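Okay, here's what each chain looks like letter by letter:
There are 2 protein chains.
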Amino acid sequence: MVNYPNGKKHPSKDLVTSTDKKRKINYGGRGMIFEESIDTSNQYYRSHRIAVIHKRPTPVQIVKVDYPKRSQAVIKEAYFKTPSTTDYNGIYKGHYLDFEAKETHNKTSFPLSNIHEHQVEHMRAVEEQQGCCFFLIHFSLYNEVYYLSFKHLEFYWQRMKQGGRKSITLTEIRNDGILIPYGYKPRLDYLSALTLSHESEE
Amino acid sequence: MVNYPNGKKHPSKDLVTSTDKKRKINYGGRGMIFEESIDTSNQYYRSHRIAVIHKRPTPVQIVKVDYPKRSQAVIKEAYFKTPSTTDYNGIYKGHYLDFEAKETHNKTSFPLSNIHEHQVEHMRAVEEQQGCCFFLIHFSLYNEVYYLSFKHLEFYWQRMKQGGRKSITLTEIRNDGILIPYGYKPRLDYLSALTLSHESEE
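In order, the protein sequence lines correspond to chains P and F. Here the numbering used here is used: the first residue of the first sequence is 1, the next is one more, and so on. Here the numbering used here is used: the first residue of the second sequence is 203, the next is one more, and so on.
Simulated from the structure, these hints should not be mistaken for laboratory data. A few of these clues could be false.
Stated by the list, open to error - Restricting the straight-line Cα-Cα distance to at most 25 Å, the calculated cross-link-like pairs of lysine-lysine (BS3-like) are:
(1) P:K76 / F:K295
(2) P:K55 / P:K81
(3) P:K64 / F:K283
(4) F:K295 / F:K353
(5) P:K151 / P:K93
(6) P:K93 / F:K309
(7) F:K309 / P:K76
(8) P:K151 / P:K161
(9) P:K76 / F:K266
(10) P:K81 / F:K353
(11) F:K271 / P:K64
(12) P:K55 / P:K151
(13) F:K257 / F:K353
(14) P:K69 / F:K266
(15) P:K69 / P:K93
(16) F:K283 / P:K69
(17) F:K309 / F:K368
(18) P:K107 / P:K64
(19) F:K278 / P:K64
(20) P:K64 / F:K257
(21) P:K55 / F:K283
(22) F:K257 / P:K81
(23) F:K266 / P:K81
(24) P:K107 / P:K69
(25) F:K257 / P:K93
These numbers come from a predicted model, not from an experiment.
Chain P on its own, in the form it takes in the complex (with noise of 0.2 Å):
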């Protein structure tokens, strides 16, 4: 969390996409709450020794450090670098999940250049090893999440590489992902989705 000079509390994440003003316009109170339920529902599963699933750090590279010899290290100048995984990964019944957590405030559709390159081959090589990638979208106009496995958006993202459309359709997306009712405990059970999923495949 970081404190802004107008007092506004953005999720770290916000930074790294800052100097993207598409993304900056998709980020915000709303994508703070979807990465926050992403938490919640992952201590949730911690604790109920259900998975083992954490956020990965924001990788920063740092450049100056205070470094007193008597008091902790204070870094004073850093910046923010692209990740070169994906936001989330762990293990859930012997599983490795690798996945990426997305959000757009769009009406109709996910713009795929939320999406890196190196995020997809990142996912390619996971799924190569036999891990289990997908995409956790939020539509933050009908506060909607949708489970989307790798092996969709891989379609979707292959038809952008060929010239078609450089988004996912929200009907495309409800038709091949499974939406995620937020509840209780956990917050966002994308893990129940997770399972669907793959019931469905078989």
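Given chain P, work out where chain F should sit, using these hints.
Okay, now just chain F, sitting in the frame of chain P:
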């Protein structure tokens, strides 16, 4: 990487434990080389599609950020947080791996003070989910790196908890662990040690 006033270079990890004098002594140039050999090995594993393993970024508590409209955000004040998990995790042939790299300059033993309770708890939780946890322990005086499974570490951890010695002797590590010879490609083939260790269990 951070440049200190005295010009000496340390891996940023040092700073995380900078207030811990014992560990501070245990790091430095060699520790950096040890860490780099793990990172280059992970790059080798990834580029040869053998495994997907990454070092977790150092968790940083961001306090103050300069946030100019048209340029990159600059972190002006931040502090190192104690990591809640381990240094590295990833996937290898469908198996979730989670491990910690530790170094000692001791001659005859590895002090368990190098390991935090919460890291042990994290590894317990991961193994409960059928993950594979282990330690890479570098005895810098001999430049020897050992693979030690969490199962073995846990034995010595419990011995300490029951009032026994607060360290693992090098002899014990040589008996229970597997020496990982420094090689060329990869620099530190710890996945071979992992495989050996699991074969020996069968």
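Inset, instruction - Check each numbered hint against the structure and report the violated ones by number, ascending. - result: The structure conflicts with hints 1, 6, 7, 10, 15, 18, 24, although it agrees with all the remaining ones.
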